[in-house]
Structure formats: structure tokens, C-alpha cells
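Peer 1: Here is how the chains run, residue by residue.
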Amino acid sequence: MSTSRPPRHHPRPYWRNTRLQMFVCLLMPCVALPFMPHIITKLSGRTFLGFPLGYFLAMHGFIIFGCFVVSWFVRRQNRIDRWHGTHEEM
Amino acid sequence: MAMPNTFRPFSPRQINPRLGIYFSIFAAAFAGLTLFLVILEQLGYPDSWLRLVMIIAPAAFAAVIGIASISSAPDDYFASGRRVPAAFNGLIMAVTSLGATGLLGITGTYYLVGADAMCLSVGFFGGLVLAAILLVPYLRKFGAYTIPSYLSRRFGSRLVGIVAAVVLIVPVFLFLVAELRIGAALVKSLLNVKRGSLIWPAAIAICITVAPGGMRSLTWSNAAWSLIALIALLIPASIVSIVLTNLPFAQLSYGSLLSGLADKELASGLEVHRILPLKLELPDVNASAVSNPFAGYFGAFGRIGYVLMAFCIMLGVAAMPTMLTRAGTTPGVYESRKSMAWAVFLLGLILLTLPAVAVFARHLMFSEVVGKPPERLPEWLLALFQSGQARIDMQAPKITLQTVMLRRDSILLVMPALAGLPTALTYVAASGIVAAALAGSSARLVTIANMLSEDLTNANQTGSKLSTYRLPLARAALGIVGGFAAWMALQWTVDPLRLVVWSLSLAGASGLPVLVMSIWWKRINAPGALAGLIVGFGVTLTCIVTDAVLDGPGWFGIDSTMAAVFGVPAGVIAAVTVSLLTPAPDRETRALVRDMRIPGGETIHDRETRLARSARPIH
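Those protein sequence lines, which keep their order, are chains F and D.
In terms of the working numbering, the first sequence has 27 at position 27, counting the first letter as 1, and numbering is strictly consecutive.
Here the working numbering = 1-based position in the second sequence + 90.
Hints in this document: simulated from the structure, not taken from any laboratory.
Since the model is a prediction, treat every value here as computed from it, not as a measurement.
Just so you know, even glycine gets a beta-carbon here, dropped at the ideal spot from N, CA and C.
Some clues are possibly wrong.
Stated by the list, open to error - Below, in silico cross-link-like pairs of lysine-lysine (DSSO-like), each with a Cα-Cα straight-line distance of 27 Å or less: (1) D:K462 x D:K354; (2) D:K354 x F:K42; (3) D:K462 x F:K42.
As the list claims (entries may be wrong) - Listed below are several chain D residues computed to face chain F (Cβ distance under 7 Å; list not exhaustive): (4) A222; (5) R393; (6) K428.
Said to hold, decoys possible - Taking CB as the label site, the calculated pair distances span: (7) F:F65 x D:F646: 27 to 35 Å; (8) F:F65 x D:L281: 38 to 46 Å; (9) F:P13 x D:E678: 20 to 28 Å.
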């Protein structure tokens, strides 16, 4: 990958990046969950593909969003590893 | 680019390049068997034979794969040689984290209480997301064979390992008992076994499957079982979806049935009740009536109860040692992250299918059963009444959705029959559930046995007297745990779904705070970890036991299925307070944590084993 750099042995900035990445990834699901009942009831009037919109967002939306977050995390974290030279030798 | 035609010596970390072909053949054979049985059924072959073949053959074939994966190296026995590709690992994680109890219990709950059951789905799904980001890559870098072994090395204290093993065995064991009960009950009802139980044969079969190769046998038999479970869930759901909506994607197509369903429910007198926000009672295992319209949000589970239940399950799934030890089987940290992405995707697919099955079942109940005179009820339903799987309220003037009571755990199997599909498809669904039960219970059995033999003895220490008997000891532990679990499953007639939810609460409260802090907070030390484990576990267990004994409304009106609500904060507070009051971890431990956080370099556990071996004097 083009972002690869020679190894630098300072784990601290690496960990700062990783920690930020973790917070960003977990923030949305953890914030979304407590508001889920509110979303489900407020948006139950409208429909999407036949589903009540609130139900669709809470069920399909949460799962699709979760898949997106984890796959984004895998790619991002791999970039972070390579940027800091802390990646595995393949 | 063409591969250079050079000989490459076999490296132990190399993934078998033909795995995809083998499992494609297996999946094709399963699909072929299904079609073959549908044909045989139409030709009039006896039903009992078809049933036996469909349930036993795929499960037995996967068991043979497990037995064939015999291995004698500790690396193979405890970590499957660390060469399981990400997709297979993800598939196994997705299916075993739910197990048969999750598949049947969640579908049944959707059917009985409607969309409120979403909190269970969201919890299971969120748990894998949480584990993927917080725990799995780091545990893979560490590479310990069991979670207590990891904790013991991370905190430099054998006591932490022993306490963690004792505390974590309990939730895994509860889940194991639930899986054995639900699987054996299902096979018993399908094969019309009149007396006795199939729990003992099931436990013995699982032990025989996983004992030859430990984690390696577990991985490949579970990959096959999980594949069956996935296919057997998706095929009937897709066929029914085509029949009802002309679209093959059940996950998205059932929306078009919802408005019609709501009208019918309203006409049959199903109403949304106003309930307390904290109320959450999981439906009973016995045949019970539909209590809430499908889109009657928060008429069965309260709003706060919904959120708390989702959080409890999420934390429990993330801390389940069964899933976390699977992290160690991937070839590297990057692969372990990728395997979590696969797991999240496949679990999402499964979880989106379950409400579709429940909606199809409700819709078909209205069109096939409701309003019919009792003498014109379909034959399969009469058979269910006779076997006690379903009940009908004879006092009621006419048949409605509420008067035909189905068992919660039978909805997934009833759906193909409701849609008028060939009986062979019911057996396909059943074989999937049996496969999920076998996968779920074998994974938990191996986890417990490894925790027992590795962490409660000193067999894993190079040079100790027991170390020569490391694998025989682990295999003996498998037998003991299998026997004890079978005995408990026979004695203890608790609802499996309740057992699973309790088990997740216990795992989340006792394991998660310490596991997360051991990676993300360098300051946590051995006394803090001990306090976190014991307090989290103690508070949750007390909550569950007092609720079960007193049969009351639970602490502060919160049902004991959500006991982690008390356990997790208690565990976090205990771990943080005690850590801050005692001396900080030494330089060596801090270096270990720093090493664990970086993906590059050798797996910590493997490096330490290699160094210990080379340091040992040669006799």
C-alpha cells in the first residue's frame, strides 16, 4: 500500500490513532441504541418498502450500519497499522 | 499471473488452499440431499425414513470431519493450528454465538410478542460489533489458548486465572445446558422417540466428535454444521418468501405483508396494551397465545426494558469466552479483524431472516388456520396438538390467532408446513436447527473443558509434571464436562432461552469489564481484576438467584434476565477502585500491554512458549 512507511518505534501516536478510531466506531451504535424506542415509535407512521420506517431503521438500518462500521474499521485500522509501521509482515 | 511451478515446503501457518472447494462440495451435497428427499417424498417413500436421513446424515457427516481432524500438537489442539481463514471463522462465530436456542427462541419471540423482540436481535448483533472493535484483534495478538490463561499472564497472577476460570465456566455451562436441552427436545419430537431423552446420546456424539482434535476438530465440524444451519435457515425462508411475495429475499420482502397483517390483527381483537417502561418478560417455553400485534411497539416489552435487555445481551455476547477463544485460530491480527467482519455480516443476515419467518408464520396462520371450522384444520396442526407442541382453546366460539397456541420454539419448524411446502423442507429446517445445536454445544463444551484442564491445573506450564499429560487431561476434561452437562440438562427443566439470557448477563458482568480494561487501561492490576471479576459475577448471580428463589418482581422492578444492569457497573467500579488503591502494574506488565496493542511481531503466547522450550535443559 502506498501509505506504508518504514517502521518507527513509537507506539504512542499509533495508540492515539487507534483509540480515536475505536471511539468513533463505537460512538454511533452506542448512542443509537438508547434512542431506538423513540425512533421506532416516532417514525412508525411512514413506510419504506412496506416496512414502518422506524422499524426498518431500527432493524435493517442498525444491522446494515453495523456491517458498514466493522468493515470500515477493518480497512481504517489496517491503514493506521501501516502508516505507523506496526503492521504484520505478510 | 501464472503461479511459478516451484515446490514450496508445507508451512504450519499455511491455509489449506482447497478448503473452499471442500466446503462447496459439502454444501452442494447438502442441497442435493434435500432435492433428492423431496423427490423421494413425492414418490411415496416412508416419511420416518426421510426424517431420519435428513436429520442424521448431514450432522453425522460433519461429525466425521471432526473425527478426521485428529491432531496431537498443542498448537493444533488448542488453537486449530492458527490457520483458519477469516470467512470460515466468521461463519462459525455467527452461528455459534446464537446457537439453536437463539435461532428458535428469537423467532418464537417475534411470533408471540411482535417487533419488540428486536431487542434480542440488536443485542446479539451489537455484541459481535463490540467484540470486533474492542477485544478480538488484541486477544489474537496475545494468542492465549483460553481467556483465563490470557488474564493470568496479563496480570502476572495465577490466582486471577483460576478465579476467571471458575467465574467464566458458569455462563458458558448454562449456555451449554440450554443448547443440549433444546437440541435433544427437537430431535426427540421429530423422531417420535416416546421414552427417555436424547441428551445422553447427543453429549456422547459431541464428545466423540471433538475429542480427537480439540479446537481443530471443533473448527472443521462446526464449519460444516454452521454451513448447514445457514443454508437450512435461508432455503425455506426464501421459498416461502417467493410463494407469498414473489421475491426471494425474505429479509426485505416481508414488509409488503405488514400492513395487511396489521389490519387482520386489528380485526381479530389484538390490541397494544399500555405497560410499565421497565417491564420485560420473555415468553414462556410452553404453548402460549400471541399477545401483541406485530407492529404494536412496546406493548409487550417496555421502552426502558427494551434498551436494557439489548445492552445486557450485547455485553454478554461480547464477553462470551467461546467466541473470544475463536479469535486465536486465525492466521494473524488482520485476519482476525476480517473474520469479525464476516461474522457480523453473516449474523446480520441470520438476524434479518428471523423476523421474516415470524411474520410469514403469522400471515399464514390468518390465511390457513384462523376462521376455519375445527374439523378442517390442516393435518400437521392436528399432529402438533396430539404431540403437545400446540394447544387450542376449545371454549372459544371460533378459531382466532389467539386461540391457536404454538410453542415458542416450534415456529421456525412450523413455517414450511404452514406454507403448504413438502414435508422434506420441514426436515431441512430441522436439520439446520440440529446442526446449530450441535455447533453451539460442542463449541461451549470445548471452551469449558479447555478452561478446566489449562487453567485449573498446571499442565500448560512447560516443565511441570502434568505437562506431559496436557492433551489426555484436556480430553478427559471434555468427557467429564460432557457427562456433567448432560446430567444437568436432564435434571434442570428451565426454559432454554431464559438460561441463555442469564448466561449472557453473567458473562457480560463478570468478564467484560476486566477484559476491556486489560487492553484499554494499562493501570488495571491483579487485585483490581480480581475485584472486578468477583464483584461483577457475585452481584449478577445474587440478583438471578434471589429472583429465582423469591419469584418476585426482581431488584427495582428489573427482571433477573437483565441482571447485568447491576453486575456490569458494580464490576467496573470495583475494578477501577481497587486498581487505583493498589500499586500500579510493573514495567514488564506495561511492556506486555504495549506489545499486545501492536499487531506486528510474533504472537506473544507462541513467542513465550518457544523461549520457554529453548530455555529448558535437554536431558
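Peer 1: None of the hints should be skipped; say for each whether it holds.
Peer 2: Hint check results:
no., hint, verdict
1, D:K462 x D:K354, "15 Å, holds"
2, D:K354 x F:K42, "23 Å, holds"
3, D:K462 x F:K42, "37 Å, violated"
4, A222, "5 Å, holds"
5, R393, "4 Å, holds"
6, K428, "6 Å, holds"
7, F:F65 x D:F646: 27 to 35 Å, "32 Å, holds"
8, F:F65 x D:L281: 38 to 46 Å, "42 Å, holds"
9, F:P13 x D:E678: 20 to 28 Å, "23 Å, holds"
Hint 3 from the list above is the single one not met by this structure.
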